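Novice: Please work from the sequences and hints to get the whole structure.
Sequences listed follow chains A, B and C, in order. Numbers given in our numbering equal positions in the first sequence, counted from 1, plus 10. Numbers given in our numbering equal positions in the second sequence, counted from 1, plus 262. Numbers given in our numbering equal positions in the third sequence, counted from 1, plus 146.
Derived by calculation from the structure, the hints in this document are not laboratory data. Since the model is a prediction, treat every value here as computed from it, not as a measurement. Any given hint could turn out to be false.
To be verified - Quick list of in silico lysine-lysine cross-link-like pairs, BS3-like style, CA-CA up to 30 Å:
1) C:LYS260 x B:LYS517
2) C:LYS275 x A:LYS42
3) C:LYS180 x A:LYS47
4) C:LYS275 x B:LYS296
Said to hold, decoys possible - To list a few chain C residues with every Cβ distance to chain B over 12 Å, as calculated:
5) ARG184
6) GLY247
7) VAL306
8) LYS313
9) ASP336
Beta carbons are placed, not taken as given, at the ideal position from N, Cα and C, and that holds for glycine.
These are the residues of each chain, in order.
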Amino acid sequence: MADPMRIRAQAAGDKTTVRVLMSHEMETGQRKDSAGKIIPAWFIQEVSASHNGKPVLAAQWGPAVSKNPFLQFTVKGARAGDKISVTWVDNRGDQRTDEATVS
Amino acid sequence: MRPIWTLVVGAAMLAGTPVLAQKSAADGIAEYRKMLEDGNPADLFEAKGEVLWKQKRGPKNASLEACDLGKGPGVVKGAFVELPRYFADTGRVQDLESRLVTCMATLQGLDATEIANTPFGRGEQNNVTALATYVAAASRGMRFNLPQAHEQERRSYEIGRRVFYFRGGPYDFSCASCHGEDGKRIRLQDLPNLNKNPGDGIGFAAWPAYRVSAGQMWGMQLRLNDCYRQQRFPYPGFGSEATIAVSTFMGVNAKGAESIAPSIKR
Amino acid sequence: MNPIRSLAALWLLAGCAAGPSPADLDRQAVAVIKASFRDQGIAKVDRLNQDLEQAACSTPQPPAPEVVKRIEAESLASVRWPAGGRYLGDWREGEKLAQNGRGMTWTDASASPKDNGANCYNCHQIDRKEISFGTIGPSLWNYGKLRGVKDAADPAAAPVMQYTWSKLWNSRAYAACSNMPRFGHMGLLDEDQLRHVMALLLDPKSPVNQ
Numbered sequence: 011m012a013d014p015m016r017i018r019a020q021a022a023g024d025k026t027t028v029r030v031l032m033s034h035e036m037e038t039g040q041r042k043d044s045a046g047k048i049i050p051a052w053f054i055q056e057v058s059a060s061h062n063g064k065p066v067l068a069a070q071w072g073p074a075v076s077k078n079p080f081l082q083f084t085v086k087g088a089r090a091g092d093k094i095s096v097t098w099v100d101n102r103g104d105q106r107t108d109e110a111t112v113s
Numbered sequence: 263m264r265p266i267w268t269l270v271v272g273a274a275m276l277a278g279t280p281v282l283a284q285k286s287a288a289d290g291i292a293e294y295r296k297m298l299e300d301g302n303p304a305d306l307f308e309a310k311g312e313v314l315w316k317q318k319r320g321p322k323n324a325s326l327e328a329c330d331l332g333k334g335p336g337v338v339k340g341a342f343v344e345l346p347r348y349f350a351d352t353g354r355v356q357d358l359e360s361r362l363v364t365c366m367a368t369l370q371g372l373d374a375t376e377i378a379n380t381p382f383g384r385g386e387q388n389n390v391t392a393l394a395t396y397v398a399a400a401s402r403g404m405r406f407n408l409p410q411a412h413e414q415e416r417r418s419y420e421i422g423r424r425v426f427y428f429r430g431g432p433y434d435f436s437c438a439s440c441h442g443e444d445g446k447r448i449r450l451q452d453l454p455n456l457n458k459n460p461g462d463g464i465g466f467a468a469w470p471a472y473r474v475s476a477g478q479m480w481g482m483q484l485r486l487n488d489c490y491r492q493q494r495f496p497y498p499g500f501g502s503e504a505t506i507a508v509s510t511f512m513g514v515n516a517k518g519a520e521s522i523a524p525s526i527k528r
Numbered sequence: 147m148n149p150i151r152s153l154a155a156l157w158l159l160a161g162c163a164a165g166p167s168p169a170d171l172d173r174q175a176v177a178v179i180k181a182s183f184r185d186q187g188i189a190k191v192d193r194l195n196q197d198l199e200q201a202a203c204s205t206p207q208p209p210a211p212e213v214v215k216r217i218e219a220e221s222l223a224s225v226r227w228p229a230g231g232r233y234l235g236d237w238r239e240g241e242k243l244a245q246n247g248r249g250m251t252w253t254d255a256s257a258s259p260k261d262n263g264a265n266c267y268n269c270h271q272i273d274r275k276e277i278s279f280g281t282i283g284p285s286l287w288n289y290g291k292l293r294g295v296k297d298a299a300d301p302a303a304a305p306v307m308q309y310t311w312s313k314l315w316n317s318r319a320y321a322a323c324s325n326m327p328r329f330g331h332m333g334l335l336d337e338d339q340l341r342h343v344m345a346l347l348l349d350p351k352s353p354v355n356q
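Specialist: Here it is in structure tokens:
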């Protein structure tokens, strides 16, 4: 099971800023190890976020995204106590979902 | 993921105009570093370290919650800014990482020698790094105040000062070659003067740190290890007396400086 | 505080009020250093055996004047002059060497000069087009031009040629505790590589002298 994400969601008026730190390697599939063998590609392919169960963000990522990526987005109309859920799926088919409460 | 437009803006700033090229390059890099501060992946290691501190592990199936980091068993807050210091149970001055290994051995029954011989980034060393990040984070914003009451602590400072100035290897480098003067830099990397207090959040006060370019969390032991590699020295033993002494030297010099560890670096 | 411990503390203070002497600490520090490092790759612990220059310059204060004189004289005497009196190579190769910071670490496969860079931009400004330069050493922009070198073959340029070559070969010939590595003396660069670096600095056609 992959390491948990760190999610912070802060409401300011009508806008809630969500900051997500994901724990994930990133390999483009172009690098070679010291023995000369290609290191297989390994990266997050899809990211989705929902607010109280309703989808608010869908993203398609690729090998250009950094290792341990940081994502920030704003959700309109969220209030303190609401739930923000973030999911990533990678090219190996692994996934991780974490949740945070809007403060 | 950082939007593509911020990358383009950053690149435009680096290009600059020929006359102001140097200033805008430095400004551009400073701005890039500021952007990196939000969402420091060190938070992920801090979270992992907290789990490891409380988790029952090893042959003794015990947690580290009774570990004495210098302020009493289990006291984590404030411990980081008083290390290295003397420990009566081991009879020597220890830094954060060697002290964590001591606790992992005595409380959890893990093999201290094996951990010290494990390369950085592998096996239990990853856990030591995460634990060091967690302990450092608990002192974020506090000011360095290493004890020098014990004779061994004062000796460690004196030895550390001599280690700092020791010139050797094919390049004749010492720590002081790069870190002994104000206002110097290697390429575009500013160098703190570690012979004195370099200020809040600088030098000793900034490590452990997440190295973005390497995608790695570095404790002070790894930071010193890579310094020595670039000094063209042989390999410093993990938690060796020279590395602890030079940490004492830097930590005592940094008295009163605010710790920003775990920070983020290029 | 425990009364027994406080008594012991008083003994300690009374018995060894002075603590170890500075000379003791100097010896202890060398022993600590030697015990703290191990071999790795091409970086062996014999690198910690200091020669006269390294040992004399391992304090914040400069060494005694007679020691300074001795170091500078011995360093100048150690310089090996280039074969055939040919000082300049190709400044293009010199720029590549100046940009190259590799070599001599435990992650480098060999200690052979041909695998080493000259590391120059780490500490010096050289060609002004390169904005990523260090400030540990002085700027070398217009190095040859500022010293009036219009023709490298002109005998009038000989002193500058010799000074620069010997500075590169063994920097301590002119500054006993120089921060600059001794590129020739320590076998970091070979003659041809040094000629290329010389050309970068002194060839009137080098971009450094425009």
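Novice: Which hints, by number, does the structure contradict?
Specialist: Hints 1, 2, 3, 5, 6 contradicted; others consistent.
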